[in-house]
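Trainee: Protein chains in written order, with our numbering: chain B, 1 to 268; chain A, 1 to 268.
Hints are not guaranteed to be accurate.
In silico DSS-like pairs for lysine-lysine, Cα to Cα no more than 27 Å straight-line [said to hold, decoys possible]:
#, chain 1, residue 1, chain 2, residue 2
1, B, LYS59, A, LYS49
2, B, LYS57, A, LYS59
3, B, LYS49, A, LYS57
4, A, LYS222, B, LYS59
Hints are computed from structural coordinates only; laboratory data are not their basis.
There are 2 protein chains.
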Amino acid sequence: MQKYYAGMNKLYVIKIGGNIIDDEKKLSSFLKVFASMDDKKILVHGGGKLATKLAEKMKVEQKMIDGRRITDAETLKIVTMVYAGYVNKNIVAQLQSFECNAMGLCGVDGDMILAHKRKHPAIDFGYVGDVDTVNVPLLKNLLQQNLSLVFAPITHDMGGQLLNTNADTIAQEIAKALSHEYEVKLIYSFEKAGVLLDADDERTVINSLNPSYYKELKKEEKIFAGMIPKLDNAFAALNSGVNKVIIGKAENLGELITGRSGTTIVNE
Amino acid sequence: MQKYYAGMNKLYVIKIGGNIIDDEKKLSSFLKVFASMDDKKILVHGGGKLATKLAEKMKVEQKMIDGRRITDAETLKIVTMVYAGYVNKNIVAQLQSFECNAMGLCGVDGDMILAHKRKHPAIDFGYVGDVDTVNVPLLKNLLQQNLSLVFAPITHDMGGQLLNTNADTIAQEIAKALSHEYEVKLIYSFEKAGVLLDADDERTVINSLNPSYYKELKKEEKIFAGMIPKLDNAFAALNSGVNKVIIGKAENLGELITGRSGTTIVNE
Numbered sequence: 001m002q003k004y005y006a007g008m009n010k011l012y013v014i015k016i017g018g019n020i021i022d023d024e025k026k027l028s029s030f031l032k033v034f035a036s037m038d039d040k041k042i043l044v045h046g047g048g049k050l051a052t053k054l055a056e057k058m059k060v061e062q063k064m065i066d067g068r069r070i071t072d073a074e075t076l077k078i079v080t081m082v083y084a085g086y087v088n089k090n091i092v093a094q095l096q097s098f099e100c101n102a103m104g105l106c107g108v109d110g111d112m113i114l115a116h117k118r119k120h121p122a123i124d125f126g127y128v129g130d131v132d133t134v135n136v137p138l139l140k141n142l143l144q145q146n147l148s149l150v151f152a153p154i155t156h157d158m159g160g161q162l163l164n165t166n167a168d169t170i171a172q173e174i175a176k177a178l179s180h181e182y183e184v185k186l187i188y189s190f191e192k193a194g195v196l197l198d199a200d201d202e203r204t205v206i207n208s209l210n211p212s213y214y215k216e217l218k219k220e221e222k223i224f225a226g227m228i229p230k231l232d233n234a235f236a237a238l239n240s241g242v243n244k245v246i247i248g249k250a251e252n253l254g255e256l257i258t259g260r261s262g263t264t265i266v267n268e
Numbered sequence: 001m002q003k004y005y006a007g008m009n010k011l012y013v014i015k016i017g018g019n020i021i022d023d024e025k026k027l028s029s030f031l032k033v034f035a036s037m038d039d040k041k042i043l044v045h046g047g048g049k050l051a052t053k054l055a056e057k058m059k060v061e062q063k064m065i066d067g068r069r070i071t072d073a074e075t076l077k078i079v080t081m082v083y084a085g086y087v088n089k090n091i092v093a094q095l096q097s098f099e100c101n102a103m104g105l106c107g108v109d110g111d112m113i114l115a116h117k118r119k120h121p122a123i124d125f126g127y128v129g130d131v132d133t134v135n136v137p138l139l140k141n142l143l144q145q146n147l148s149l150v151f152a153p154i155t156h157d158m159g160g161q162l163l164n165t166n167a168d169t170i171a172q173e174i175a176k177a178l179s180h181e182y183e184v185k186l187i188y189s190f191e192k193a194g195v196l197l198d199a200d201d202e203r204t205v206i207n208s209l210n211p212s213y214y215k216e217l218k219k220e221e222k223i224f225a226g227m228i229p230k231l232d233n234a235f236a237a238l239n240s241g242v243n244k245v246i247i248g249k250a251e252n253l254g255e256l257i258t259g260r261s262g263t264t265i266v267n268e
């Protein structure tokens with residue numbers, strides 16, 4: 001899809017991943033950079049290892065089927081507490097201290113992200129949500145008030161049920177939905193320096209990845225399997241109107257924004 | 001203070017108290033009535049016994065000094081998870097299912113309620129906040145978008161610190177701050193039918209309480225001691241411009257709104 005962004009405001013949708021949430025110092029540096037960004041911005045976070053630790057403390061067993069985590073009622077309670085409560089509000093408090101007026105939300109608030117319980121022919125994933133719609137007018141209104149939004153990956157089904165939802169997916173769905181209103185840059189920040197040719201060597205970052213190169217790398221099995229859903233999502237986001245997708249190290253957020261670090265996913 | 005409300009929109013600020021949060025059925029009925037209210041509305045909740053239960057499960061000891069609960073770092077973590085996470089998001093999910101577009105917030109979100117750590121000459125209450133300011137423009141903006149707001153009693157100090165704050169106080173401070181913008185009715189709903197002359201007899205509800213009658217009842221020690229801070233706050237709220245304060249049973253929310261149940265606190 002060819003798209004022109006002339007006259008549109010810039011919006012960054014930034015997913016902060018995995019273990020940076022667990023590292024107080026790294027998280028704080030990340031949030032300082034995020035707070036200093038002038039453009040409109042949305043942060044989407046998970047819960048790191050805190051949810052697992054709390055489950056252990058509460059003696060709630062983590063159920064897995066075929067290597068995939070199941071969200072039973074007790075696990076949903078834990079992720080709601082940790083993601084939408086503890087992590088979300090502490091991130092917002094830090095951003096406020098860095099003079100960034102942030103607002104913490106999850107998908108149920110203002111019906112921001114409506115989802116349905118995942119249907120799967122073989123596996124019951126429990127209270128896991130797949131996204132249906134994003135409330136664009138309300139998001140836009142909040143952004144226009146110069147609020148920076150911080151999303152916990154919890155959605156709802158309009159029937160009173162909260163649902164655990166993949167944070168990457170939330171970032172992608174928000175980015176896609178707002179791509180008609182803003183020039184959206186979607187950043188997946190995590191522990192690696194970007195998409196690597198050699199998963200063990202940070203120096204092998206691919207600077208730019210387009211569909212044909214991606215196809216080639218997949219064919220040669222040079223892409224780390226865990227990266228494939230992220231990249232498929234990235235290309236899907238570009239096809240839906242997102243201006244740019246950047247994948248890279250959370251500690252380099254400043255450089256990811258300016259394009260001096262990480263992997264930029266492009267459509268052609 | 002004499003005040004005229006002509007031309008002002010009505011706003012209900014409703015505190016839902018104590019044990020109704022723990023009773024799934026009663027909470028659901030309460031929320032159904034709340035959802036059906038046409039006027040603008042804000043709900044303020046605590047966490048019932050869930051926080052205490054979680055603390056027991058996590059083996060976090062509840063510290064008390066002179067019979068007063070201390071919020072240490074671990075307890076703050078628990079109340080943030082339970083109040084701002086679990087309870088807040090489940091209430092919002094239910095309200096959404098009743099076709100009420102609710103948004104769950106706590107004081108840190110959008111810098112809604114700024115507070116400072118309580119200073120006390122003798123007791124260190126820990127991470128307990130006393131309210132300084134309420135963000136009126138943002139509250140007003142959200143209410144104008146027909147959002148019903150649901151507040152968890154967590155505030156912040158702008159230095160990155162979350163603070164546990166009394167839910168009655170939050171309701172009162174919001175009501176007072178918005179009384180210049182709306183005709184505000186503040187409802188304290190809890191397990192009793194209102195202010196009772198005989199704490200053991202629900203039929204002895206005082207329908208209307210003014211300052212001189214209150215003074216008289218306090219002198220005769222006819223007011224239950226636990227009720228006095230609530231009532232002092234109620235009169236303070238009226239003096240600050242709140243139109244009406246009503247105290248009564250959460251199960252009777254519909255009748256509290258119409259004045260057919262509970263105790264109405266009046267200024268003269």
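Trainee: All the hints need checking, so say for each whether the structure fits it.
Mentor: Verification of the hints:
| no. | hint | verdict |
| --- | --- | --- |
| 1 | B:LYS59 / A:LYS49 | 20 Å, holds |
| 2 | B:LYS57 / A:LYS59 | 9 Å, holds |
| 3 | B:LYS49 / A:LYS57 | 19 Å, holds |
| 4 | A:LYS222 / B:LYS59 | 48 Å, violated |
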